[in-house]
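Asker: Please work from the sequences and hints to get the whole structure.
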Amino acid sequence: MSIDNAVLSFAGFMVLLSLALGVFVSQYWLLLTAFAGLNMLQAGFTGFCPAATIFKALGFKAGCAFK
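With numbering that gives the first Met the number 0 applied, the sequence shown covers 0 to 66.
Treat the hints as calculated values from the structure; they're not laboratory data. Any given hint might turn out to be false.
To be verified - Derived pair list, reagent style SDA-like, types lysine to any residue, alpha-carbon separation capped at 25 Å:
| hint | residue 1 | residue 2 |
| --- | --- | --- |
| 1 | Lys-55 | Leu-31 |
| 2 | Lys-55 | Leu-37 |
| 3 | Lys-66 | Leu-30 |
| 4 | Lys-55 | Gly-21 |
| 5 | Lys-55 | Thr-45 |
| 6 | Lys-66 | Asp-3 |
| 7 | Lys-66 | Phe-47 |
Answerer: Here is the structure:
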């Protein structure tokens, strides 16, 4: 799995997790969805993603977006 795929999978998982927690636990969990969305937006403009840095350190192979 490339870093790109790992970042997209992780972001999708976080959005779905926070949505489920927002529905079943507390609406404040929806702030995690907002944080994930803002992080994806800034990564689109700056090219920097903290999750990509972590996945790179874990040994994932480079992709097109994150090297």
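Asker: Hint by hint, say whether it matches the structure.
Answerer: Verification of the hints:
1. Restraint check for Lys-55 and Leu-31: satisfied, since their Cα atoms lie roughly 23 Å apart, inside the 25 Å limit.
2. Simply put, Lys-55 and Leu-37 have alpha-carbon atoms about 21 Å apart, close enough for the 25 Å limit, and the pair holds.
3. As the CA atoms of Lys-66 and Leu-30 are separated by approximately 29 Å, the hinted pair breaks the 25 Å bound.
4. Taking the CA atoms of Lys-55 and Gly-21, the gap is near 30 Å; set against the 25 Å cutoff, the hint is violated.
5. About 17 Å separates the Cα atoms of Lys-55 and Thr-45, which keeps this hinted pair within 25 Å; it holds.
6. Straight-line distance between C-alpha atoms of Lys-66 and Asp-3 comes to about 9 Å, which keeps the hinted pair within the 25 Å bound.
7. Our distance criterion of 25 Å between C-alpha atoms is met by Lys-66 and Phe-47, whose separation comes to about 10 Å.
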